[in-house]
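Student: Residue numbers (the working numbering), protein chains in the order written: chain A, 2 to 287; chain B, 2 to 287; chain C, 2 to 287; chain D, 2 to 287; chain E, 2 to 287; chain F, 2 to 287.
Everything labelled a hint here was simulated from the structure, so no lab data went into it.
Hints may be right or wrong, so weigh each one.
One copy or two, either will do: identical chains are not told apart, so a pair holds if it fits within one copy or between any two.
[To be verified] In the SDA-like style, the derived pairs of lysine to any residue whose C-alpha atoms are separated by at most 25 angstroms in a straight line are:
1. K53 / D229
2. K219 / D55
3. K53 / S134
4. K53 / A232
5. K234 / A261
6. K53 / I136
7. K234 / P15
8. K219 / A255
9. K219 / G242
10. K219 / S91
11. K219 / M284
12. K53 / A272
13. K234 / M45
14. K234 / V92
15. K53 / G250
Owing to the predicted nature of the structure, the values given are computational and were not obtained by experimental measurement.
6 protein chains.
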Amino acid sequence: MTHSLSTHAPYLTPAVHRLIDMALEEDIGSGDITTGHLVAPGTMGRGEIVAKTDLVLAGMAVARCVFERLDAQLQFTADAADGTVVAAGSVVARLSGRLDALLMAERTALNFLQRLSGIATHVRRYVQLLADSRIRLVDTRKTTPGWRVLEKYAVRMGGASNHRMGLFDGVLIKDNHIAACGGITVAVEAIRRQVSHLTRIEVEAADQAQVREALDAKADVIMLDNMDLAAVKQAVSLIGGRALVEVSGGVTEANLRAMADAGVDLISVGALTHSAQAVDISMDIQ
Amino acid sequence: MTHSLSTHAPYLTPAVHRLIDMALEEDIGSGDITTGHLVAPGTMGRGEIVAKTDLVLAGMAVARCVFERLDAQLQFTADAADGTVVAAGSVVARLSGRLDALLMAERTALNFLQRLSGIATHVRRYVQLLADSRIRLVDTRKTTPGWRVLEKYAVRMGGASNHRMGLFDGVLIKDNHIAACGGITVAVEAIRRQVSHLTRIEVEAADQAQVREALDAKADVIMLDNMDLAAVKQAVSLIGGRALVEVSGGVTEANLRAMADAGVDLISVGALTHSAQAVDISMDIQ
Amino acid sequence: MTHSLSTHAPYLTPAVHRLIDMALEEDIGSGDITTGHLVAPGTMGRGEIVAKTDLVLAGMAVARCVFERLDAQLQFTADAADGTVVAAGSVVARLSGRLDALLMAERTALNFLQRLSGIATHVRRYVQLLADSRIRLVDTRKTTPGWRVLEKYAVRMGGASNHRMGLFDGVLIKDNHIAACGGITVAVEAIRRQVSHLTRIEVEAADQAQVREALDAKADVIMLDNMDLAAVKQAVSLIGGRALVEVSGGVTEANLRAMADAGVDLISVGALTHSAQAVDISMDIQ
Amino acid sequence: MTHSLSTHAPYLTPAVHRLIDMALEEDIGSGDITTGHLVAPGTMGRGEIVAKTDLVLAGMAVARCVFERLDAQLQFTADAADGTVVAAGSVVARLSGRLDALLMAERTALNFLQRLSGIATHVRRYVQLLADSRIRLVDTRKTTPGWRVLEKYAVRMGGASNHRMGLFDGVLIKDNHIAACGGITVAVEAIRRQVSHLTRIEVEAADQAQVREALDAKADVIMLDNMDLAAVKQAVSLIGGRALVEVSGGVTEANLRAMADAGVDLISVGALTHSAQAVDISMDIQ
Amino acid sequence: MTHSLSTHAPYLTPAVHRLIDMALEEDIGSGDITTGHLVAPGTMGRGEIVAKTDLVLAGMAVARCVFERLDAQLQFTADAADGTVVAAGSVVARLSGRLDALLMAERTALNFLQRLSGIATHVRRYVQLLADSRIRLVDTRKTTPGWRVLEKYAVRMGGASNHRMGLFDGVLIKDNHIAACGGITVAVEAIRRQVSHLTRIEVEAADQAQVREALDAKADVIMLDNMDLAAVKQAVSLIGGRALVEVSGGVTEANLRAMADAGVDLISVGALTHSAQAVDISMDIQ
Amino acid sequence: MTHSLSTHAPYLTPAVHRLIDMALEEDIGSGDITTGHLVAPGTMGRGEIVAKTDLVLAGMAVARCVFERLDAQLQFTADAADGTVVAAGSVVARLSGRLDALLMAERTALNFLQRLSGIATHVRRYVQLLADSRIRLVDTRKTTPGWRVLEKYAVRMGGASNHRMGLFDGVLIKDNHIAACGGITVAVEAIRRQVSHLTRIEVEAADQAQVREALDAKADVIMLDNMDLAAVKQAVSLIGGRALVEVSGGVTEANLRAMADAGVDLISVGALTHSAQAVDISMDIQ
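Can you build the whole structure from these sequences, using the hints too?
Tutor: Okay, here's the thing in structure tokens:
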């Protein structure tokens with residue numbers, strides 16, 4: 002019931018293919034009782050996917066996969082690429098294949114596309130606020146469960162960067178970890194002995210004392226957690242380039258630029274993913 | 002790797018259990034390299050889930066399931082029920098169990114809870130606009146792929162109703178179906194012969210002529226697709242109670258009340274699900 | 002290990018594809034130790050599927066899928082369509098492909114075909130007893146676990162109709178539900194508030210008092226449970242067209258016609274699926 | 002979403018557990034819209050499973066598993082054991098647990114039990130025809146796809162024996178294999194070199210010449226395919242105890258005894274599984 | 002996410018396809034962050050798989066499958082066949098396809114090939130020690146979990162034979178079984194009544210008394226467990242051809258030949274699989 | 002059919018649980034035809050797992066999981082911990098539970114334990130050669146497909162460290178990547194723009210020119226690929242502490258110490274995993 006991994010974009014990992022299958026199955030269930038009874042099996046059709054609003058496109062390959070799951074011979078031609086700005090009214094893809102497949106896959110394909118493009122479009126707004134800043138705007142793990150790889154891809158299409166993908170590919174020592182093992186120094190040393198040399202170690206600091214302790218422990222990255230602008234500046238000065246500095250928590254579109262100008266290296270914003278809304282994309286079938 | 006179906010709420014269908022597993026796996030992957038190296042396996046901990054903003058709660062059972070997947074003996078006590086309004090600062094649940102499980106499940110559990118409560122909170126705003134109207138506000142199939150059952154549940158917790166769950170449990174004859182089989186009358190008759198007697202038939206109408214044809218074909222429900230208020234009123238008058246009337250497309254918070262007062266039976270709003278934003282919910286671990 | 006959904010018939014849902022995989026795996030297991038050691042990998046072969054008795058055909062697409070799972074290039078030509086009567090001795094399909102695939106898939110494909118055609122053939126007998134009656138003969142949920150969609154499809158191919166597909170696409174309030182929530186009226190009202198407007202509500206009634214209560218509660222369909230002919234007639238008269246009437250329980254080939262003539266709308270017969278026997282279909286390989 | 006393998010009977014293999022999950026999912030789908038809206042989550046209930054006709058019981062552990070999947074704490078007490086004859090009206094099991102679980106699992110559990118007991122009951126009739134014969138009555142691979150292990154278990158509960166479970170645990174060289182590799186002698190030798198010493202080799206013979214060739218090739222078992230009684234007797238005499246003899250094809254209840262008395266060792270009958278009908282078993286819930 | 006079963010070798014069972022999927026997923030995870038960012042999606046490439054040491058080749062079809070999972074159109078040409086001796090420096094396969102697929106599949110494909118060829122090469126050494134002996138050298142169930150079918154295939158490619166595949170396709174009564182049911186005689190009789198006539202019964206014997214009891218119970222095969230050469234000879238003489246004799250335990254390359262010459266039928270050696278080391282095979286990509 | 006994730010060690014990721022299930026299923030298949038027919042379901046038993054040779058233990062939690070999959074109530078008491086040296090003859094665990102579960106799980110549990118302990122024991126030998134060196138000995142991706150997480154865990158238990166887990170959690174730019182994108186400088190810059198700030202970048206260098214280019218591109222780690230000792234020393238001197246230095250290829254037990262003393266930071270050895278042999282561990286059941 003699942004698709005070959007042999008597909009059109011590197012972000013289509015095995016887990017993404019499973020999500021596509023789940024999505025089709027939750028919609029089709031025991032069968033499409035409208036299409037199944039009205040469209041003769043052999044009937045062919047054509048369709049166009051159209052942006053109904055200005056947007057940053059993301060997710061074309063996943064949309065294509067959704068259609069191909071129901072019609073392996075379907076032709077899908079993209080008229081725009083992920084990461085590009087598309088104007089309202091533009092056709093972004095043309096499809097041709099079995100009509101029943103087009104009708105049964107339409108909603109699921111659009112649901113992927115409208116959400117991923119929604120995130121890319123939302124992220125682009127933040128990115129523009131940071132124009133000509135050397136700072137790196139990054140996402141968080143506040144993503145839709147099941148969608149981690151997809152949403153982090155959409156963030157990149159919007160022009161921002163990714164923080165770690167999950168608990169497995171980056172170390173982030175938080176307050177509870179520190180409490181559990183008896184201090185930042187102990188924690189950093191324990192981790193350094195055990196993780197791969199390709200993984201950097203980031204420590205969350207709530208105040209200047211913790212910043213100092215993280216610095217002494219030679220953390221690679223220090224996250225300033227929910228600090229105001231003054232505290233951020235003080236920490237940046239204290240760190241003095243000896244570690245990367247990430248600001249996290251309490252960053253809004255309003256104070257984003259000021260934070261960026263405070264000399265930090267990274268700003269992480271959960272809203273990039275958790276507060277994006279879908280953009281309007283529809284499909285015309287002939 | 003999967004959870005028993007023997008759980009705490011009827012909306013936790015087999016597919017939802019699979020989504021929970023996928024969500025944990027996408028975050029844990031090849032292992033939590035921070036917690037796994039810092040927290041001794043036997044260490045116990047406690048936590049509280051706290052609303053950081055006023056919200057309508059939804060998804061407590063799914064959050065509980067996430068934690069129980071990693072610690073089958075974990076104690077989870079709910080202080081508030083799904084569908085209730087919770088004030089900023091309220092503790093909504095207290096947990097006690099293995100500390101590593103709490104730390105590894107935290108983000109995934111909150112990601113479920115913040116999105117589902119976000120939808121319920123968003124829906125509640127629309128519902129309040131319709132206070133003392135007999136009209137039924139319903140969702141659409143514009144849901145996050147993989148989340149259909151969960152998001153439709155959150156819509157109910159917000160106080161609105163569900164349209165069909167998928168392509169399998171309700172007939173909705175759209176323009177492309179009509180074109181494919183040669184007219185509304187033919188379509189309705191073909192479907193009526195073939196679907197279960199427990200399934201009503203809804204027909205999408207783009208203009209008054211189609212409304213009339215649907216009416217003559219004895220459609221159970223007629224969906225007025227993207228009509229303006231005047232056209233809606235004309236259609237309602239034409240239908241005269243012989244079919245349920247649904248308004249769909251172009252409904253916003255601004256014109257919602259006017260549409261409701263036009264005498265229709267149902268208003269469907271895709272934004273209930275596709276434009277909700279997560280609400281802020283966090284977890285304190287001791 | 003699973004097949005593309007991109008297949009030849011609308012009843013081949015994701016769950017049916019999974020059943021096909023399970024069926025092949027339970028037969029092949031750790032390998033076909035006869036064919037695997039005797040047939041050189043590249044050898045090609047041809048086969049014919051032959052009806053050994055008069056039958057109503059059902060399941061050709063699922064049989065085709067079974068073969069294609071083991072040889073994606075296999076040619077399968079159907080000589081008869083599902084739902085048609087086929088005489089003993091007729092070739093219903095011709096196949097050409099890898100000989101090892103033909104030999105390994107043969108039994109599984111025939112097992113599907115002989116059971117589904119067995120149901121269609123069995124159902125056709127009941128349907129003929131109802132010739133020129135406007136009544137709808139429907140199946141029940143007494144199907145082979147794992148085979149719900151397939152067996153309900155075979156029922157349609159036999160000429161009868163389907164009751165609800167499962168617990169998810171139709172409401173049927175039974176005695177235990179009524180007891181659990183305090184009466185038919187309460188139950189119908191609670192359900193009506195909560196289910197989709199596209200779902201009708203059916204109530205099971207054991208006697209005339211319950212028929213009356215269901216009628217007052219405005220049930221859409223009333224099921225007369227295990228009533229004799231006299232009671233059925235009395236209920237039909239009481240209902241007077243204000244709800245659809247279904248007779249269920251105790252219906253046999255002997256009393257089927259009399260029940261149909263009593264003025265009910267639907268007769269449900271569990272035996273359509275649970276008492277069908279396989280018909281004889283074989284395969285000749287050259 | 003799946004059950005622990007830690008269960009109550011050796012025939013509950015991993016594949017059987019998957020089938021149980023599929024069966025529950027096909028019935029529950031996106032949720033039980035009757036029970037889910039009418040039964041308060043905490044409500045407890047009791048039930049009894051009752052034989053409605055005389056039958057040979059089979060499948061109690063699988064029925065129990067079905068209920069436990071939805072309520073891990075459910076109490077299930079068997080009043081009769083698989084393989085025993087149960088009189089109409091007998092209670093075969095008593096259950097106590099969550100009412101919603103009882104209602105949602107009921108149909109699926111009964112569907113397993115009625116089919117497996119149907120096979121055991123059907124098989125018992127054949128077995129009785131062979132009373133005081135030393136012959137072994139065996140099933141075939143003509144089973145319901147997905148149900149191989151279960152149906153073969155039911156055959157044993159009915160008192161007959163199993164032929165090989167699938168293509169993997171026994172060699173059966175048929176006409177097409179012989180044709181593909183150039184003769185019985187070649188085939189038997191090739192197989193003997195390659196299969197495990199724990200696997201016997203059976204050869205299908207269509208006439209006395211093939212019987213002789215199989216004998217010369219030292220086949221362990223010779224299957225007389227579709228031979229009449231006279232031919233069977235001739236073959237038995239020719240073989241003279243140097244190989245086990247199986248009769249297959251064309252065996253009915255009418256000629257079963259005569260075949261048995263012809264001196265063969267095994268009779269295989271596809272009808273044991275493919276022509277069994279469900280027996281009537283119901284559940285009373287209080 | 003899974004491969005069609007329609008593949009290139011009979012040992013590629015459904016379970017092997019699942020293992021291939023797991024292997025790719027454990028390596029790719031949330032995406033190849035080197036290749037994904039450096040290789041443009043459409044770029045094509047070529048590669049050669051090269052033996053870096055003399056070896057017996059095994060697993061070409063599984064390696065091919067790994068590549069085809071990531072590029073369904075990839076061309077794979079084998080220059081050597083499984084079971085043949087390949088000299089260091091030889092090209093064993095040439096590939097051509099998408100460069101990103103080649104790079105992402107390379108390590109997984111080689112990991113399969115180097116381990117399976119490692120087993121075949123290791124086994125071949127034992128086989129040569131037994132040259133011109135009529136004895137059968139067999140493997141055990143001491144295989145890498147998840148790899149049973151693959152490793153047993155590699156054993157055959159090395160020139161030895163397989164013992165049973167698992168617990169399901171051969172009876173081996175061990176000391177604990179004997180203790181649990183009260184003696185060899187009881188055990189053999191109970192099993193003979195219940196298992197298929199195509200399955201032979203083997204009994205493990207620790208001393209001559211047990212050999213005699215197994216012989217009296219008419220065991221088909223008697224396994225001499227951890228006996229020294231003298232005891233083996235005594236047992237062979239006692240058995241006198243009335244059962245097959247297997248030697249198991251304590252067999253090394255040093256005493257293998259002597260055991261073989263003691264007149265036994267089979268020698269089983271766990272080291273064939275559990276002590277094989279990978280051979281060096283690499284891939285050159287242009 | 003799968004186990005709760007709620008288990009006894011952090012290395013038991015979802016994928017490891019799936020491997021455990023696959024392993025049990027490949028051995029049990031359609032049922033244990035010895036145990037299933039000889040051991041009465043309720044019979045209880047006890048067992049001891051015993052080291053038959055000196056070894057470094059690894060995999061106790063996975064062995065425990067295997068038994069618990071078949072008997073959720075089984076008691077498992079460890080007498081030794083992973084990573085410790087255990088002398089031949091030592092009992093490492095005591096078990097008590099259902100006898101059929103003990104017998105059916107025994108081989109699979111031991112197969113996991115003997116291979117993982119075999120790796121840990123093998124690695125320990127290398128580690129001892131490096132005693133009082135500050136160098137880090139690391140594994141590679143040359144692991145058994147399906148076993149990545151497990152084998153990397155065993156490497157840690159043996160006292161060495163892990164290189165990246167897969168393609169997803171560390172960047173390693175190899176010759177083919179460099180060729181595909183036009184040079185080390187371009188490659189490092191492209192990657193640095195796109196990967197998470199928590200991921201270090203390693204570049205493979207074949208000669209001193211490439212070492213210099215990698216250094217200029219500010220690679221975090223430089224891998225000296227298949228260089229001899231002289232070249233390694235030259236590169237170390239050239240790099241001068243500005244990047245971590247890894248030696249890879251051609252390292253054997255013989256030259257390991259010399260390489261370590263050449264001033265590199267890491268030595269990676271594929272043989273740690275691909276050339277380990279199982280150690281002898283058995284189980285006594287009473």
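Student: Which earlier hints turn out false for this structure, listed by number in ascending order?
Tutor: Numbers 2, 3, 6, 7, 8, 10, 11, 13, 14, in rising order.
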